[in-house]
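Protein chains in written order, with the numbering used here: chain A, 1 to 425; chain B, 1001 to 1168.
Any given hint might turn out to be false.
To be verified - Per the computed footprint, the stretches of chain B lying under chain A, defined by three or more beta-carbons under 8 Å from a beta-carbon of chain A, are: (1) 1032-1041; (2) 1061-1072.
As the list claims (entries may be wrong) - Partial pick of chain B residues on the chain A-facing surface, computed with a CB cut under 7 Å: (3) W1094; (4) I1130; (5) G1134.
What the hints assert, rightly or not - Over 10 Å on every C-beta distance to chain B, these chain A residues come out as not near it, computed from the model: (6) L9; (7) V37; (8) I71; (9) M205; (10) P216; (11) D236; (12) D289; (13) I297; (14) L305; (15) K331; (16) I393.
Since the hints were derived computationally from the structure, they do not count as laboratory data.
For clarity, every value in this text was computed on a predicted model and none was experimentally measured.
Where a beta carbon is used, it is the ideal one built from N, C-alpha and C, also for glycine.
Here's the letter readout for the chains.
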Amino acid sequence: MPEALAPILDIATFIRETLLSLFETLGASPELANGLVTFIGAFLIANFVLLILVVNIWMERKVMARLQDRIGPNRVGPWGLFQTVADLGKLLSKEIIIPSQADLIPFLLAPLLAVMSVIGIWAVIPFAETAIGTDVSIGVLYFMAVSSFGIMAILMAGWSSNNKYALLGAFRAVAMLVSYEVPIILTLMVPVLLTGSMRMNEIVMAQNIWFIFMVPLAGIIFYISQVAEVGRQPFDLLEAESEIVAGYHIEYSGFAFAIFYAAEWAHGFAICALFVTLFLGGWQGPFVDQIPTLGFIYFLGKTFLVYIIQIWMRATVPRLRIDQIMDFCWKLLIPVSLALVVLIALTEGIITTLAEQGILTAPFLANYFSTATAADMLPRTFVLLTINAFITIVTLFLLARRGRAERERFEAMRQSMAPIEAGTD
Amino acid sequence: MLTFSPVSVSFFIMALFTIGGGLGVVTTRNLVHAALFLVLSLFGIAGLYVLLEAPYLAVIQVLVYVGAISILITITVMVTRRLMGIEETYNRQWPIAAIISGLLGAGLIALVVAQFGALTPVADVPVDNIEQLGRAFVTHQGFLLPFEVASVLLLAAMIGSIVISRDV
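Turn these sequences into a full structure, and let the hints guide you.
Written as structure tokens, this is what we have:
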């Protein structure tokens, strides 16, 4: 490969090293130069998150319009691409109205905390092999910790607005988000179990076969719970317009509202990026070993595809009631994900021990993922898929039995009601 | 002695968060503000863990306490009648509490001051300390028994709360 192409092939390392040498020739100590480059990286990632929102919101409106047989925004800019910019300009020029009885500091702090918690997620997401904010050893847990600030922000907003609808929205948020954290953490354990590491980049490198093909059930539960965590349709209880007007951000106007809006949309995109990283192989793709820059394209391409699925869900599924949402979480998602984690841990323990004693072949060893080729991993994938299929069949069987019992109960009730309905008594 | 470095600056910011937040918790009369100050204080402690190169503890600190405080605020709002602008002092035991915590604080400060000058650099923190921590939890040479006792205790508390809430 020609030497001159090297900077383009691995653009992240190239920029990083150019900046480092630039700062050092300007007289900064290596420590300071490193700090400055890290700061610039953080600045770039944070702004990337906020700028890509323009595309996200435009895409959401356009895709949703197409799904609903409309045209969508098409006036401002080519294909209506600058509609979001115009909306932002409108929101910026509006006044931030503060309710007279509001608790001022939490009221103003809440939107900032919300957007901070979302941008924080991106610090550990690898865009390409060499482009990751910080590859901490606890990346997966860090993500959970940062997103728990989002709940705080919603609660602060709901409480400080001094509005009963806002408070109701915030209470719903606590009930729902805290519940849905449980299946998220349980299913997050599955990739961590398989990889043997909580480092995001190691999880991506282990996915010669994407984890969604190894443990589809974990991936699906993770995605559903994450959609609930963002509070999107069909889980948009926090701001159910027909019930509590707008939920926790009802009293926010102007730019404070824009920040909340941005935080919610950025969160929606961030969970897609996270899902891609954990289950769809992140930046993995053909030729990415030789050309790390391709990782950006694979990663963003996959993320946008997953985002379209989210919009699709939003446009087609109606909102659930709060008791249905809680039942779904506590009675279905949590038992299934618990069973999945326990079974996968047991099987992994058994097959890696057997492999260590030489009874099974090398691809069954723990930590074999990143070194193996996809073909090597097929037997192990088959074992994991069998577990998934088993749990899925048992779950569906139990659900069907429950549904049948429910229907019989309903039929019996209807028959006892029949004379009353007919008016014969 | 004290040097000006990014680490020492972060330490002072985090210490300010921890102590200021702690003071806020006990001095404010607004219960929700007190809970929010508690978040600030615990966040400061998480920052101190990061400076001690214990990122796992830091993240668990944030994960456990921030989530718990959301619930604490919810309970506060639900069970107390007047949250803002409480003027009169409810609790007559505050002088005793102040004396006890003052004594404890003085003892801690005395302990720390006595160590000044005798500081020795600690051994380097092992890089993969999460793996060691994990192994320590599941081996009987490590902390298997305390770990299991703690989980049984939590399970009992969980079952207890479910039983109590069903009884009503």
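How the hints compare with the structure:
Under a criterion of three residues with beta carbons nearer than 8 Å to beta carbons of chain A, the stated coverage of the region 1032-1041 of chain B is upheld, 4 such residues being counted. Beta-carbon proximity to chain A at under 8 Å applies to 7 residues in the region 1061-1072 of chain B; the threshold of 3 is reached and the given coverage holds. Taking 7 Å as the C-beta contact cut-off toward chain A, the hint placing B/W1094 at the interface is violated, the least distance being around 24 Å. Hint status for B/I1130: holds, given a least beta-carbon distance of 6 Å to chain A, under 7 Å.
Violation of the interface hint for B/G1134 is found here, the shortest Cβ-Cβ separation to chain A being roughly 10 Å, above the 7 Å cut-off. Against the 10 Å criterion, A/L9 stays outside the reach of chain B, whose nearest CB is about 30 Å from its own CB. Distance to chain B confirms A/V37 as a non-interface residue, since its nearest Cβ pair spans about 14 Å, more than 10 Å. Remark: the non-interface label on A/I71 is consistent with the geometry, its nearest Cβ contact in chain B lying 42 Å away (cut-off 10 Å).
In this structure A/M205 is separated from chain B by more than 10 Å, as the shortest Cβ-Cβ distance comes to about 17 Å. The claim that A/P216 lies off the interface holds: its Cβ sits roughly 27 Å from the closest Cβ of chain B, which is beyond the 10 Å cut-off. Every CB of chain B lies more than 10 Å from the CB of A/D236, the least distance being 19 Å, so the non-interface label holds. Chain B leaves A/D289 outside its interface by the beta-carbon criterion, the shortest separation being 26 Å against a cut-off of 10 Å.
The Cβ of A/I297 lies farther than 10 Å from every Cβ of chain B, with a closest approach of about 31 Å, so its non-interface assignment holds. The beta carbon of A/L305 is kept farther than 10 Å from every beta carbon of chain B, the shortest such distance being approximately 30 Å. A/K331, annotated as away from the interface, keeps every beta carbon of chain B farther than 10 Å; the closest lies near 14 Å. For A/I393, the shortest C-beta to C-beta distance to chain B comes to about 29 Å, beyond the 10 Å cut-off, and the non-interface label holds.
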